[in-house]
Each structure stands twice: as structure tokens, then as C-alpha cells.
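Novice: The chain contents come next:
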Amino acid sequence: MAEPIQHELMQQALEHFSSVVGEESSEHEYVPPMLESPLSRRSFMAMLSAAMAVTAAACRRPDYKLVPAVKNPEYAIPGVPLYYSTCYMHKNVVHPLLVRVREGRPVKVEGNDLHPIVGGKSSALIQATLFELYDPERIRPILVGRRPGVIPSGNYSTPQNALAKIAESIRQSAAEGKLTRILIAEHCSPMIEKLAALVAQHVPNTAVTVLPWAIADGAAEATAALFGLDATLVPNLERADVVVSIDADFLGTERNSLFMTRGFAARRRPTKQQPTMNRFIAVEGRYSQTGAAADERIIIHPSQYEGFLTALYNAIARAKGARALAHPTSNVQRAEAVARELLAAGERGCVLVGEHLTAYAHAVGLAINWLLGSIGTGKVFEHVLPMSGAKRAALATLRDDLRNDRVGVVLMSNVNPMYTGDEELRTLLQRVPHRIAHSLIDDETALICSITIPAAHQYESWGDAVAFDGSYCIQQPLIAPLPLTALSLGELLFGLVKEFNPDAVGGAEKYFDFFKQTVLARIGSESAWEELLRKGFLPGQPTPIPSANLAGLDRFTPTLAVSDLALLVVPSSSVDDGSHANNPWLLECPDPVTKHTWENVAVMSKRTAEKLGVHDEDIVRITIGNAAVELPVLTQYGMHDGVVVTTLGYGRQAGKVGAGFGQNVYPLTASGALGYYAAAVTKTDTRSPIARTQKYFHSQFTKQWEPDAPADAFRPIVHELTLDEFKAGKEIKGIEFPSAGRDGRFEIPLNIVEGYQYKGHRWGMVIDLSACTGCNACVVACESENNIPPVGKDQVMRGRVMHWIRLDRYYLGTPEDPRSVVEPMLCQHCENAPCENVCPVAATVHSPEGLNEMVYNRCVGTRYCLNNCPYKVRRFNFLAYFQRFYKERLGTEQPHPLDLAMNPDVTVRMRGVMEKCTFCVQRINEAKYHAKDNGHARVPDGAVQTACEQACPASAITFGNLNDSGSRVAQLRQSERSFLVLEELNVRPSVTYLAKVRNTTPAAV
Amino acid sequence: MATVTTAHHPTMHVDGLRHEREPLVLGEPTLHDITAKIAHIAEDKPTPKYLLALSFTAAIAAWGVGCILYTILTGIGVWGLNNPIGWGWDITNFVFWIGIGHAGTLISAILFLFRQKWRTAINRSAEAMTIFAVICAGLFPLIHVGRIWFAYWLIPYPNQMQMWTNFRSPLEWDVFAVSTYLTVSLIFWFLGMVPDLASLRDFVKNKVAKRIYSLFSLGWSGSMRHWHHYEMAYLILAGLSTPLVLSVHSVVSLDFTAGILPGWHTTIFPPYFVAGAIFSGFAMVMTLLVIAREVLDLKEYVTLKHLENMNKIILATGMMVGYAYAMEFFIAQYSGNPYEAFVFINRATGDYAWAYWTMVLCNVVSPQVFWSRRLRRNVPLMFIISILVNIGMWFERFTIIATSLHHDFLPASWGYYTPTWVEVSIFAGTFGIFLTLFLLFAKYIPVIAIAEVKAILPTAQPHHHAHAAAHAPEHPQVQPTQTA
Amino acid sequence: MDRKPIATVAEFHDPNTLVAAASTIHQRGYTKFDCYTPYPVHGLDRAMGVRRTILPYISFIGGLSGLASALLLQWWTGGYDYRLNIGGKPFFAIQFSVPVDFELTVLICAFFTLFGLLHLCRLPTWWHPLQDDPSFRRATDDTFVVAIFSDDPRYTSADTQELLRSVGGANVHVHYARQNPVEDVAPIG
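Residue numbers (the working numbering), protein chains in the order written: chain L, 1 to 1005; chain S, 10001 to 10484; chain G, 20001 to 20189.
Careful, some of the hints might be misleading.
Over the 10 Å line for every Cβ pair with chain S, so calculated as not near, a few chain L residues [said to hold, decoys possible]: (1) 177; (2) 239; (3) 346; (4) 637.
Now the in silico label distances, taken between C-beta atoms and shown as ranges [said to hold, decoys possible]: (5) L:685 <-> S:10304: 57 to 65 Å; (6) L:896 <-> S:10054: 52 to 60 Å; (7) L:695 <-> S:10152: 32 to 40 Å; (8) S:10162 <-> L:687: 50 to 58 Å; (9) S:10074 <-> L:561: 54 to 62 Å; (10) S:10206 <-> G:20166: 37 to 45 Å; (11) S:10161 <-> L:934: 29 to 37 Å; (12) G:20082 <-> L:687: 51 to 59 Å.
Where chain G lies over chain S, by a calculated footprint (3+ residues, C-beta under 8 Å) [what the hints assert, rightly or not]: (13) 10028-10037; (14) 10155-10169.
Keep in mind that the hints were calculated from the coordinates and are not lab data.
All C-beta atoms in this analysis are idealised placements derived from N, C-alpha and C, irrespective of residue type, glycine included.
All chains, please: the whole structure from these sequences, using the hints.
Specialist: The structure is reproduced here in C-alpha cells:
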């Protein structure tokens, strides 16, 4: 991995840029389309020549935009990538990143490998942020005087004029005694906090309010009550031996899932030398991605969560001599069994409570952890997530102000209350006289605003953030804003403060000066600044956690009393809370459990569906109070019959890519709060097909699972061991063939001819099913690295999704208590590849390094290889997918600037061509060049990482040279847990899987 | 006009004990009658009925061609194929048409080698059917590729890419097998037709027609010195064609058997496919002949005896196919391979069970009626059965392709396949192409092998046996030709 | 008589008579004569003294060269010129070459047979010296025509006519060359 290099010229360019933007003055009138006015031939010619003159003069790409290539900066060698460190804030969680930049454009996002909380890893969402940078639908000009709901309308403006206009509105409304509210999304940036304070101080009647997309502040309330901290605690699961989750989807949709997945997975990889692992008990009513990874699942109704926690607390309190709680309990026996395990683990045991649960549940959970001793420096709970305090109070005030028409100006920055708000809030907002939007795309909120300002993407902005480990991260721009007049939130607030009081910003002319001054004040020296830019962060200490005040428990009472049918509203595992809903990479990313894409559905158990008289894809109406939403049903094993799960983030009305898929569930919730609701679910007579990437989930295709199954077929394609079995050295048994050898395995070699000898590198991969949580990071990383086009819902329904790596999920166990194994499936690069033999034009051949190569140029598209691939990992480009998707959604085949997001090292495939995983051959070649430059004959182990491997937060994927006996991959291949999928076919795959191990003890709960 | 009369009933009274042997040509035509009959079909103005039929089939063909163009311009995605199911109606139709194309050359070549004289009435149209069916068949592998404009890369030719084709691929074998089959069948068909084209050339009055027939008859004069080589050439080609017929469908079946998919990877396929091909080919010949002998009034030449013989073959090959189905099922279970076992149970009971049972009903059950001689000679019934067999054989290929692909090794990638209107239209379009070509053929090309029918007339050959001389008719009366 | 005789032509309508006639003509030592029949008459070639055709040898050579070219093609392209590791299979093996070997053998053999036949019969020849003769035109319909050509050393107009009459030929006549062959070149027949 190359060192992150700070690029001075880039920085200068950006400084220059922001100054230039400020100087530009004249405001262009919006000219109506030409054809509306009748033209004479003469005036047409006149206009034509004028237009030509304007075209010639209006070269809107001044050369300062082309810094890296044109001015030939010292580090930039065409064709050689540069890496910059930066960070991306998602809610109040910061992801330190390393971004690969080619010829001045960011092409791939990776986690910063130096930073301890990401360790070079990333998530599906972080990978997909690259699309949002290049989203063709980003707002281009600043528009003032827009007519609500009309695109485009209003006049083009400059940032300076727009800021002056906003200031004028604020002054005007202040004069009328009205308030100005600046609504911003959750963040963890000290700079924004400082600017917010300056705004409050210097801008009359103005305050900055954090408006989260979805609200989940039970944990914050509890932490405040017990520890007096305006924050939440983040567990380091690497230190936990026993993990008990109460409906926490900490491997999936919760905000710190990347860090938690890393820690959790690190303890799920037992080896012969160290046959230990953590134990995970999930208590839940739904079947979450996290629950699917559990060693034991306790399926209870959501209304019993608090009772269960109370029982758990009481059992532990008894043991620790603390006061028991008098609140009702439930499932006492099982809770006590869990408590025994936790007590045995002591400070290495922890309870995690779902972020959508009540403050009571969180408080009890914290109290348990405190009693166990797992909170404190060096313990499981050491990290403190800043700025995650409770938000509801501020929102109630805002709503009250709006109701009473006290607000004169509202500026909404990267929040979307017109989508996330309830009907009242939406109506109230439209009553505010001056509405200003600052957002990436023309979203629902932008459409009701009179001024819209394009927001600079985080990869285009200067900013900072603090992580929960106390480290201070820098956000440095990787590219000048693609919309020329885009402003970051920092620039916007800075500009506003400066409008009112230029002295307040310490005399800084430009935002960057102010920013650097502020940062330097924090970190000290210029050399620390250099270090910060190079490394991306400066380490720090997390906020110390004071002793718990268990009396704080009394502030809360159990409140989770939902009806028999509880509706759970949580963020989507793909598009989260809707803030990423215009992103086709995420929209097409299948749900880790149900494998549906492109929309939200009502997930329920089969029995519940039967009771309602519905089947998969039938639409049900979910009603809470006055709000109702109609969603298609998807049945799911392993759920409590009293739970229906649906997700936020869909049903967008603005954004041509994301609009029209699924339904908006926010109106069902209380001000966008996550959690359980008592809902009425009724059947309707309509159906809506669901696009799923996987329809069969059984390695045992039996009547037990599928009443329609034609036969009982056992397929040993995934393997699972208990920890005891693993310790006892139980062997993994493949399929039993009559001609199997004595050891039960298929006799190898079966070849009648001498096999090919691989003399140099021999690339191979090992995937640890025990570590994999099915988080989709690899899927999107691959999509980004390899220019894989999204295909759209209709094509997913036809079974034509293009992902080169897919996460197959299989059930084991029984339908009542199903266990899941996620098996990432990608091209296995078989030595005896069946696909190669059948290609008539030799378009897929084997490289001397063991890669199954697909020669796109040579492919004529017979699809024979696809048919003959036993793993079905080949993807046929049925319909010019690269152009088709955007043509359908955006009306143009090559939407600019999306072309800049393409990885220049990877071909964009045309229609009619087969494509598939290449083991990131472009990365292999790059690594080989580097090795050669450094005088190595072979690529050193770890010098080449495939995109999926690099992204995988669970580190479940290992790639390397099998011919090097010392390489990690060669050694993992020797593991006792290793097996080859479909080994009996003698295709000799290069991908080895390690069996999943579950820590199930006979004395299970 | 010469009047060459023939025997009243050629073999009926050789001796009283023998069963009456049905004549292969009814109605005692003279040599000239035969020429005149066939030539008139070609020379007469097309009837409105004919033109109507032709424009109907041509319209279907045009619609099919339009859909092919649509596919080429838009992409294979306009079909219903998807990730597990890379082949659907395209290859089903390919194998179906190739199968149809089998009986033609087989009837012609094998029956010729076995000296089955009854073949003469049907061999020409059967061969034509072969060629048209192979043309329709060849269309599918061509248009099913994603980038048809590069389909020529399947031919091994020296090129700037310095690349060669992959001879390990059964699809490459297909290229050779199908193109060889088409070429050799075309040669065989054309060669057999040269003397008849010469007859037409000398018979027709229309100048343009005369020119065209002259061109294609190559200047054939009927010289005995030519006949001498010609008969040998025909024999060699028949000898070549026979194994070729057997090889083509065997090679086509290798497309599947060389794959590793359960349900495809089985050694029974080559003979099973050949039997199936003969089965479907005969059924198609039957369908066409029943129509042709009605429409073109060829009942004297295509007699019930011919049809009955063909029904016997349909019955026999139908039983072979039925045996193959049963054996396939048995081996799948007996082998102990769980994937194989699953695929076959899935075929009979899974998502595509309807296709499987359609196939069994049509192919195995329906031909059983031919055990009865009465039913075997019932023209409407055999017409229905022949169509049922064609439907059944289409479903056989569909079953093999779709059921094996839709549920293969990894359940996570299982899927389902339904065709789109485009695929259905293209298939219908190939029927349009086939029938159009056949109608043109039936009108303008000697639909009956004139020279061969003449050669099997009872008096056509010199008599070498006493008994033959005994019942020989009075010597033909010879009338001098009038000078033109 | 300034027109050049081409052949003396006789018609037959019974295959037995024809075979007998051909046999007699052959025995009389005529070599440049031919019988034109609407279908192949069995035994007639033997009666005419035509030697066994060499076509099978041509076909055999065709088959052999087909086989050789198939083997060469597959070995040279896959095993020599551009060796690609495809599915771990050998670069060339007899086993996988069989289908193409067979097909090319048949194909080239068929071509040799076709072109061999055309060569042996000197076809296509869209002209025939007898094409204006009305009897000859009926040889493709229902008449057996025997023609003894004037370039036969034994040919004399009178004797030949006499011979043809004696073996049962009807409508025996001499066919003369056209005065102006260029004019009205009707297609053969």
C-alpha cells in the first residue's frame, strides 16, 4: 500500500478556487428555452453566431480545475494512482479513508489502513459514496428565486450573491422578530460545531439545529442518565468473550457496524493452535443479519425485550450485590442462563442493546455492563461516540417554533425533512417565508425552497471530525467541486458569519484560511498539519467514562408495550435511512438476509403471512393512526410471529435513480424515530413482484423447508462445525460418491492427463465463512473497482444482476430455529475450468498464474461457459447495461460526470459479452510491476489485495500466492476447516473456504 | 407422343400364393406421364390458393426476421434468458430443427443403401426438408450469440488476432458438424436433382424457366457414360451421408454431454439424440407429405404404403426414445450421484414437470396407436400423431435444457425461465421460413425424383429372369418421333 | 451435302432392346457412341463396354486429405501455433479431435466426389452437339436415344444407319451440325 501522500498543489488549487468563486459577480438571468419565442431567420442567425461566440468564450473549465494532469505536479505520473487520506462522516461516525486518485479524479475509496478503528476496511455504504460524488443528478448552479416544485426555475447566482441574499432574509426576518433555523445532519466535526457557535453568536436570531434523518436516541438518554455523558458507548468486541445482543443489529445497520464487525469477526476464527472464539447470543424477534451470525438465538416478542433485560439485570445484580429492579420480567429462566454465561465471562462479557430500543432498555444494558465490569479504560466499552446526544428535545422546540410561526428563515443542509418528516412538519415547513436548501441533489426539500445551493460532497470539502477513539481526522478534498459553485457546510456557515461579522472569523478571507487557523490552533504546529494531512488523523484519547450512577436507572420505566403485531422500522441495510437513496450501487445491493433489492418490503414469518392470508409479493396495508403504507410481503424463517419488519430509505420522490422504488415508511413513525410500533396490518388484493437475487436458501432442499420441494437433496456446499467438534478434530465430510476413497473424500487425482504446472505465481483465495457476516462491503467494493453496471429492478427480477461476487446465504438447522451460513461466491478460478473447455473461440483461458481469464474482446457471447459453470458466477451482459440503466433513468446513455468514476484500469464491457471476477487482475499486475521495480521476482505476500479482500471488515477474505508456502493464503489452505465447494467435480477451484464454526455448548440456553 | 404402357399390376400375379404386394406407384403412369405430371406443377401458373399460402408463410417469416433484427439491435436481453439459464428457446429450437433435418438425408441415404425402393416417392421432399430445417436450425446458434457480428470467429481462419478457435469445445464441433451436414446434404440433394432438372429443362415452354433449369441442370444429357459415374457418386454420397446423419445429432448432443451439468453429462445422449432426431424427422416428413399429397395431388406417388412404413419407423424410434427416458432416469438414481438423482426427480415433479409430462405423453404414449394396422393407415390420425410427436420432441429438448439449467449445483443461483414474445416470434418465424422455402420448392423444383421413379417402374429395367419375361407386357409400341 | 454430320441417332423405347442394341454396337467395334436415357438402365454400361469408374478412388483420396487436414489443423492451431491452457486439458489430443476429424473427412470426401463426378462427366457443359436433335431432347423424358458419332473410325453414314435399324432403332437419322452455330443458341435439348 502506498503511503498516503499530501498533495500540495491540489490544496493550493482549492484555495485558489474558493477565492475565484468569491470574485465572480454578475448574475445571469434565466433565459427561457429558445423555441418558445418565434424567431426570424435573421434573428436565428444572429443568435446562432452569438451562441458560437459564447461557446468559444465560455470555456467553463478554467485550467485550475485540471491541476494534476496539466500542471504536471511532482507526484502525479499519468497512469500511476495517488492515494490521499481523508474521511467520510456518516451520521456522527467518521470513517477515515484512503482514496485512490487517478489523473486527478478519485476512483476508489478504501479505509485508512493506519487508523485503528477502520484498519483499512470499509463498508458497502462507504464504497458507494464514490457514486454520490459523481452522481449525474447533483445540483449544478446556485439558483435563487426558485418556484417551488419546478425544475429548473429561478436565476443562476454566485455563492457571494446567494449568501448576501440569505443574509438579507435573515436580517429581514430578525427585524420582524422572527427566528432563523439552520438544520443540519448529524456530524462529529469540531469545525462545524465551532461555526455553529459562531452563527449563534453573530447571526441575529439564528441557531443551528441537528436534524437527524432517523432518530434513535435511547442510548444517548441512558448514557446521559447513568454516566452524565452526552454520548454513547462503543464496544470493542475484540475484547469480548460473551456477547449478548438484545435486538442489536450491530453487524448490520447500526452506525458503528464497521468497527463492531471487525472486532466481532476477529474473535470468530479459531485455529488449531488457538481454538478459541467468542460466544454470541442474540435475543431478537426478527431475523437480522446479526442474528443470523449468532451461536444461539432466543426468539422472543419485542414486548418482552425489556422484561428479559430486567430479568438479566436482576440475575447479575443478585450476583454482584446490587439492587434488583422491580419492573416486570419475562423469560426469566433463559435470562438467568444467559446471565450465568455473562457472569462467567466477567468483564469480558457485554450486552448490546439495539439502537432503536427504548432508553430503559439501554439503561439496563449499560447497568449490566457496568456491573460486569466491562466499561472503562482497557475494557470492552472504552470508546465514546461524540455528539450522539439526544435530539428529540431540540426537534420538539423546532416544531413548536414552526407551529407558532416564529421561524422566518429555514436553511436545510443535507437534511430532507420533506421526506423524513410527518405531514405536520411538512406543512409547517412550507409556511416558513424563506426556505433555503443546501443539498447534493434536487431532493424533496430542495423542491420547496426558493434558494438552492449545491452542496460540496465530502470528498470535495475541507473538514474535520473526531472519532470515538478520540482521534482527530481531517477531511481533505480530493477534487475541486464538480458543480463549480458548490459549497461545503463549513463554507456556507463561514460565509454567513462573515456576512454579519467579518471580525468574528479572525479576519480570515477565505474558509480555508479560517479552517487551517482553527485546526492549527488545535494541533499546534505546521508540521503537525503536514502529518495530519499525510496520515489523515492524529491519535487521541477517548473521553474518559465516569463511574456509573445506577440510580439513574430509576429515571426510566419500561415503555416497550407493543401490540401482538409489532412493526419494526429500522434503516435499510442498503440505502440506510434514505440519505443514500439515489445511489444505484446501494439500491441494487441485496438485503443480507432476504436478498431483495431496490425496495422495502414487509418481512414477516410464514405463519403470520398465513394468518393474514397473504403470500410472498402480496401487498399488505400497514396502518398506524392516520398514516398507512402499502408494502409487498416477504416471508422469512426464524422470526417471531408477532413481528413485521420494514425499512426506511425508500419511496423517494426526487432523484431520478431512486425515486419510485418502495414506499416511504417515515410517516408511520413518530418523527422518524426507529423502533417498534403497534400497527394494523391488513391484506389488499394487489401484488407487486419483488426483485430478489437469491430465491432458494437451502443447501438441503427438503420438504421440511420447502413443501414444494421435489426431492430431498443434501448438498454439502456449506459446512459448519461446533467449536467442540472443531477442537475434537472432526473432519469435514464432502459428498459421498460410490467411488469415494476410504476417507470419504473423492479420490484425487482423477485426471487422465498430466495437470498444468504453475511455476511462478499461483493465485488463490481463502474465504473464512466463520468470519463472514454477509455485510455486502465486498459486493460494492467489487462494483466500484471493476466498473460493474447496475441493471435496474426489472433486470434483477429477470435474474440478471451483474455483481461479480455474490453472497449466497444458506439455512441450516430447522425452519423453527434456522442458522445461516453466508458463502461469498465469486469465480473460483478452477484449474480444470469447465467454462474454458466449452468456449468455441477461446475467449476464456487459463493464465500461467492460475487465473481463469475472460477475454472480453474475443467473446462472442455463446453463454456456454455460463451454463457449464457449476458455481454460476459468470455474468452475461444481456442489454448494454452500461448505457441502458442511465438511459432509462436519466435519459442519457453517458451521464457526465459518472464516466469519471470508472476505474481506468478496467474495461467497461459492452453488451453481448460474458464477464466475471478476475481476481482483480489489474491489481495483480500493478503489484507485479512494483515487485519488479523493487527487484523482487515474486510479489511479496500481502502486496496485492483484491478489492473484496481490502474492503472486507471481517477480514474473511485472504488472497495471495499459493506457490509461496509461507503466504497467508497457502497456510490457511492447510487449515483443518478448509474445504472446496463442489470438490467432487474435480474442477479444482482456487478458492478455498473455511467452515463456519459456532460456539454452541451442550449447556445451551 | 410416345405411349409407353406399363404392366397392369406389376407383381400381383407372380404366383397365386404370394400376397399381393402393393405397387409403389399407382395408376399405371407412362414415363412421359411422370415427367409431365411433375413438370406441370412447375410450369403451371401458381393457383390463388398457393399464392395465399405462400404470402401467409412469407408474412410469418418476415415477422420472425423482424424479431431477429430487433434482437440483434437491442441485445439478447430481449429474450427471457437469465443467469442460471443461459440457453432457452434458442438452443431448444436449434436442436429441434436439427432433429427435423435428420429424416431427410436418412430416408434418402440409408434407404438408398438398403435398396428400399419405396423411398423414391418421398426422398426429394425429405431431403429438401432437411436442408430447409438445417437452415432454420443454423439460424439459432448464429443469432443466439451476444455479438452476432463476430460470429465468424467460430471459423478457424488465419487472422490478425493470431487467435485460433478452441477445438476442445463441443460448440466448435457443432460448427463443423452442422456446416458439413448442410453442405453434404445440399450436394446430395442437388446431385439427385440434376437429371430431373434436365427433364424439366426439356419439358417446360417458358423461356425464363427453361434458362434457369438449364443453368442448374449443368447440361445433363442423360448420357449413359454419365449415368455410370453418377450412380457411383450417388452411392458414395449416400454412404457418406449415413454416418454423417448419425454423427450430426451425436455431435449436437455432445453440446450437453461434454458439459458437467447434471442432466446433461450423460453418455446415453448420442444414440438417444439420434433416435429422437429420426423420430422427429419422420414425424415432420409425415406432416408435410400428408399435406403435400393432398394439395399437390400426389396420391399415386406417395401411397398409403409409404405412409405406413414411415409410421412403423415412428413407432420404433418412439419406443427407443421412451427407453432412453426410462434409462436416463434409472441411471441417474443408480449412479448414486445425488445431483443427477435430484435433476431427474426435479424434471418429473419440479417447476417444469408440465413440460416433462407433455414430452412423455406426446413421444412415448401417442405413437403407441401405430401398433394397429388400421390406425397406421388412417391418414388424419397419423397427421395428428405426427404433429404431437413434433410437439413432444420440442419439449424433450426444452426439458433437457431448461430443467438441467434452472436447478443445478448451487441452490443459491437457481432460477426460472419463461420466454418472451420475441423468442416465440422468432420460433414462429422459422416455421414461416421453413414453409416458405418448402412451398417454393414444391412448386418449382421436381418434388418427386422423376428419374428414380421412372427407374422403379416395373418395365423400366431390362429383364434378366424368365418369370419376369413371362409377365412382361407386350412390347411398347414405338412411334417415330416427329421432327420438330 | 455441305453440312457436316455429327452423329447418327436412333430411338428406342424398350430397355431390353436398348441393352441388346448397345451390346451389338459395342461388339461391332464402335467406341464413339453413347446412349441417352431418362433414368439409369441397369446393365447398359456393361453392354456398352464402359469400364469401371475411378470415382471411388477420387473420393477416397478426398477423405484421406480431409482427415489429414483436420488433424493438422487441430494440432497446429492448438498444439503448436498458439498453445493456450484451456481448462487444464492437453493442447492437442486425439480424443477431442475426433468429431472434427470425422466431419472434415466427410466434407472433403463429398467435395472430391462432387467435383470428381463433374470432372469425369465434363460437366457443367451448357452445350451439346446433339442439342438441336428432337429425338435427343426426348431422352430426358421417355425415349432411349443411341447416337454413334461421326468421329468414330468405323463410322460411315450408311453402315451406321443400317446397323442401328437392324438392332431395333426407330427413327434412325443423321444429325448435322448447325450452319451458323452462333445464331439462336438455344439451351441444350
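Novice: Each hint: holds or not?
Specialist: Status of the hints after comparison with the structure:
1. With a closest Cβ-Cβ approach of about 62 Å to chain S, residue 177 of chain L is found to remain outside the 10 Å limit, as its non-interface label requires.
2. At the 10 Å boundary, the C-beta of residue 239 of chain L stays outside the reach of chain S, the nearest C-beta of that chain being 35 Å off.
3. The claim that residue 346 of chain L lies off the interface holds: its Cβ sits roughly 41 Å from the closest Cβ of chain S, which is beyond the 10 Å cut-off.
4. No Cβ of chain S comes within 10 Å of the Cβ of residue 637 of chain L; the nearest lies about 15 Å off, and the non-interface call holds.
5. Taking 57 to 65 Å as the suggested C-beta distance range, the pair residue 685 of chain L and residue 10304 of chain S conforms, at roughly 59 Å.
6. A beta carbon spacing of about 53 Å between residue 896 of chain L and residue 10054 of chain S agrees with the range 52 to 60 Å that was offered as a hint.
7. Taking 32 to 40 Å as the suggested C-beta distance range, the pair residue 695 of chain L and residue 10152 of chain S conforms, at roughly 38 Å.
8. Separated by about 55 Å at the C-beta atoms, residue 10162 of chain S and residue 687 of chain L satisfy the suggested range of 50 to 58 Å.
9. As the Cβ distance of residue 10074 of chain S to residue 561 of chain L is approximately 57 Å, the hint placing it in 54 to 62 Å holds.
10. About 41 Å separates the C-beta atoms of residue 10206 of chain S and residue 20166 of chain G, a value consistent with the hinted range of 37 to 45 Å.
11. For the hinted restraint 29 to 37 Å between residue 10161 of chain S and residue 934 of chain L, the CB-CB distance of approximately 34 Å keeps it satisfied.
12. Judged by the Cβ atoms, the range 51 to 59 Å given for residue 20082 of chain G and residue 687 of chain L holds: they are separated by roughly 54 Å.
13. Under a criterion of three residues with beta carbons nearer than 8 Å to beta carbons of chain G, the stated coverage of the segment 10028-10037 of chain S is upheld, 4 such residues being counted.
14. Under a criterion of three residues with beta carbons nearer than 8 Å to beta carbons of chain G, the stated coverage of the segment 10155-10169 of chain S is upheld, 8 such residues being counted.
Taken one by one, the earlier hints all hold for this structure without exception.
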